[in-house]
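S.K.: Each chain, written out:
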Amino acid sequence: MATPDNKLAFDGGWAYEPAPESTDHINIKSRYGLFINGDFVKPEKGKYFDTVNPATEEKLSRVADASQGDVDKAVRAAREAYRTTWGRMKAKERGKYIYRIARIMQERAREFSVIESLDGGKPIRESRDVDVPLAAAHFFYYAGWADKLEYAFPGRVAKSLGVAGQVIPWNFPLLMAAWKIAPALACGNTVVLKPAETTPLTALKLAEVIADAGLPPGVVNIVTGAGATGAAIVEHPDVDKVAFTGSTNVGRMIQKAIAGTRKKYTLELGGKAANIIFADAAIDQAVEGIVNGIFFNQGHVCCAGSRLLVQESVADEVIAKLKDRMETLIVGDPLDKNTDIGAINSSMQLEKIQSYLKIGKNEGGDMHQSSCRVPKKGYWCRPTIFTGVSQSSRVVQEEIFGPVLAIQTFRRYDEALTKANNTPYGLSGGVWTDKGAKIFKMTQNMRAGVVWANTFNKFDPTSPFGGYKESGVGREGGLHGLDAYVKLGAK
Amino acid sequence: MSAKRIAVAKTYKIYIGGKFPRTESGRYFPLEDSKGNVIANMCRGSRKDFRNAVVAARGAQPGWANASAYLRGQILYRIAEMLEGRREQFVTELQQQGSTLRAAEKELDLSIDRLIYYAGWTDKYQQVFSAVNPVNSSHFNFSVLEATGVVSILAPDDSSLLGLISNIAPAIAGGNTCVVLASESKPMCAVSFAEVLHASDVPGGVVNILTGFRAELTEFFASHMDVNAVIYCDGGKAIARKVQILAADNIKRVIERTRMDWLGDAENPYLIRDTQEVKTTWHPIGS
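In order, the protein sequence lines correspond to chains A and B.
Start counting the first sequence at 52; every next residue gets the next number (my numbering).
Start counting the second sequence at 391; every next residue gets the next number (my numbering).
Misleading hints may appear alongside valid ones.
What the hints assert, rightly or not - Ranges between beta-carbon positions, derived for each pair:
| # | chain 1 | residue 1 | chain 2 | residue 2 | range |
| --- | --- | --- | --- | --- | --- |
| 1 | B | Leu461 | A | Ala541 | 26 to 32 Å |
| 2 | B | Asp503 | A | Ser406 | 57 to 63 Å |
| 3 | B | Tyr418 | A | Ser443 | 41 to 47 Å |
What the hints assert, rightly or not - Computed list of lysine-lysine pairs in PhoX-like fashion (alpha-carbon distance at most 25 Å, straight line):
| # | chain 1 | residue 1 | chain 2 | residue 2 |
| --- | --- | --- | --- | --- |
| 4 | A | Lys492 | B | Lys514 |
| 5 | A | Lys538 | B | Lys627 |
| 6 | A | Lys470 | A | Lys409 |
| 7 | A | Lys489 | A | Lys372 |
| 8 | A | Lys307 | B | Lys627 |
| 9 | A | Lys470 | A | Lys374 |
| 10 | B | Lys514 | A | Lys538 |
| 11 | A | Lys542 | A | Lys210 |
| 12 | A | Lys538 | B | Lys632 |
| 13 | B | Lys627 | A | Lys315 |
| 14 | B | Lys632 | A | Lys307 |
| 15 | A | Lys542 | B | Lys514 |
| 16 | A | Lys315 | B | Lys632 |
| 17 | A | Lys58 | A | Lys372 |
| 18 | A | Lys199 | A | Lys315 |
| 19 | B | Lys514 | A | Lys199 |
| 20 | A | Lys315 | A | Lys542 |
| 21 | A | Lys403 | A | Lys374 |
| 22 | A | Lys509 | A | Lys372 |
| 23 | B | Lys627 | A | Lys210 |
| 24 | A | Lys538 | A | Lys210 |
| 25 | A | Lys93 | A | Lys80 |
To be verified - Every beta carbon over 10 Å from chain B, so not counted as near; a handful from chain A, in silico:
| # | residue |
| --- | --- |
| 26 | His76 |
| 27 | Glu286 |
| 28 | Asp417 |
Hints in this document: simulated from the structure, not taken from any laboratory.
No residue lacks a Cβ here, since even glycine has one placed at the ideal position from N, Cα and C.
Taking the hints into account, I'd like the entire structure generated from these sequences.
M.R.: Pasting the structure below:
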């Protein structure tokens with residue numbers, strides 16, 4: 052409906068009533084131990100830490116803080132399971148266990164969605180429609196590969212590696228667990244996984260599912276904790292493979308820590324994707340793409356379209372339409388089905404984002420935020436854009452991991468390409484134009500592992516994901532994602 | 391008594407950007423035959439030579455990667471043709487560096503055939519390793535391989551020609567450009583191979599070859615921030631550790647190669663794939 056000044060008004064002048072998802076059907080225990088060898092066990096040193104709802108700052112549960120001794124125990128259990136059960140099982144049977152995990156997750160999907168939103172702050176619309184269904188689909192996809200590996204690597208024989216140590220981030224807690232665990236199991240490895248310290252709950256619920264699915268004890272072990280726990284897994288001498296998703300800085304530390312060990316590794320690290328809008332693009336669709344690119348999941352997305360490169364002749368129009376659209380975005384209760392942007396994941400992350408807002412302003416950038424109200428309690432950041440920034444600005448070069456977009460303009464396609472490629476990262480990119488030849492010119496020359504043309508932030512279990520340059524090593528998803536969990540030998 | 395003709399000795403230089411400069415450092419190291427006679431003064435390449443070579447390799451990389459696969463295949467084939475034509479020279483050099491005649495001839499046979507093998511892969515590995523991905527939404531989604539970029543190669547010391555070629559060929563077949571450190575103890579063939587490359591329509595900068603001391607240069611090959619991947623050969627645990635630690639500064643791909651990769655199971659497209667990136671592209675299907 053058009054309003055007097057012709058602004059977008061999705062509410063038609065009426066205020067939205069709250070539409071919260073109910074929480075009465077979920078079950079969160081007051082305290083969680085470590086999932087080792089098929090059971091929840093107490094941490095050796097008896098230490099626990101709180102996990103907090105970032106939208107209310109209220110404690111949801113206490114989870115165990117795993118020490119070196121706990122990690123040793125988990126790795127021992129994984130090794131034993133690899134040696135005695137999982138590593139010897141017929142591939143077809145292995146696949147059937149993984150299918151079970153997918154099915155139980157689908158059955159319990161709503162519970163997972165609600166807990167994901169409670170623990171991480173993401174809107175229920177996203178956890179319900181993206182995170183949880185994709186996580187289940189990932190298990191379903193890789194389950195089918197278990198007995199078909201000989202077709203994935205022509206001319207080679209693929210063998211399992213042994214024990215995989217996996218450390219995942221807080222932005223897609225359950226989905227990242229699925230990305231890590233599903234291919235590892237399909238290829239015949241056993242797993243020790245550490246979820247992020249601010250979002251451990253859905254991984255612990257996944258442990259319940261794995262137990263319900265009847266997997267042999269020790270095949271999947273889930274240990275909670277902070278950086279020290281992660282380091283203990285990565286550096287454990289009996290771990291054969293390290294898989295990490297997180298920041299480039301930590302990725303670099305991991306690559307150094309395992310130097311000389313012959314551990315296989317995959318790293319999914321940071322990004323600073325350029326979303327490139329040409330004058331001949333469908334502008335309204337492109338604006339939706341920009342919004343989805345940077346405000347999806349509060350911008351806590353490694354492949355977020357955090358740089359907008361817009362052709363000069365349409366820059367004013369695109370920015371005006373973007374500002375209009377930003378006004379319609381609802382920031383607030385993650386459990387409300389109308390919410391577009393949920394809570395920032397933690398107070399630490401909010402501080403980091405706010406420091407970048409200051410940096411951007413100090414560097415001479417022109418900051419604009421939507422005028423929406425945000426709740427008093429909890430961690431929130433309004434959708435934000437910067438114009439008047441240069442290629443060397445820190446808000447253009449560095450990953451902010453929040454709902455903050457840096458906008459630059461370009462005249463010719465080669466200028467757009469040069470700017471797009473001019474960061475140390477190379478995870479993803481976007482291009483919007485109605486000309487097919489231009490799409491291929493751009494997508495072929497963007498140095499990035501995932502490129503979205505006339506779309507953005509799409510994911511699928513069959514679609515390989517991973518970065519060029521300092522955005523990481525290796526791919527996850529699809530046929531190419533199997534490679535990370537096998538060693539190849541001559542036939 | 392007729393006057394005996396004085397032979398013309400060759401000056402062994404390094405190969406950067408399609409040219410044969412001496413090392414900018416002005417340093418050399420003498421190469422001796424088994425009797426202790428000096429047979430050549432080799433360039434003792436420096437960090438600056440390496441950096442110049444990386445600039446050349448970076449400059450040549452997009453053009454080489456965007457050359458058609460058919461053209462890259464023909465150029466690799468041309469290298470083999472040129473090497474075949476000069477096999478006597480290489481056999482002699484290998485013997486000067488300690489090979490028996492039989493071993494030298496065998497190394498030439500394998501080296502030439504290896505180039506032909508990878509020449510044939512340039513327009514095929516993409517079809518073997520690409521995928522159209524059946525995503526659960528209305529999108530056309532496909533994954534292809536692209537060259538990782540600039541690759542630094544610490545070639546093996548023991549197999550000075552076959553080991554060199556077995557590491558260069560898969561990297562350039564896949565559209566990468568490279569900077570190579572030749573065998574330290576047997577560097578002559580590498581310089582002569584640069585001359586073969588020069589005569590084979592390989593664009594300048596695609597392959598750059600330095601001679602020098604491994605202990606001095608390994609660090610730079612592993613740490614340079616504009617190198618995307620580093621290949622090291624027959625390194626012990628200490629070398630592996632050193633290379634991997636330095637390579638981590640810009641998240642380089644680190645590839646370890648062993649004797650098997652040039653003497654054993656050396657002909658397979660997975661050696662090309664080692665220096666490739668997977669790029670996935672999405673586009674909506676709709677009106």
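S.K.: Taking the numbered hints from earlier one at a time, note which ones the structure violates and give those numbers from smallest to largest.
M.R.: none
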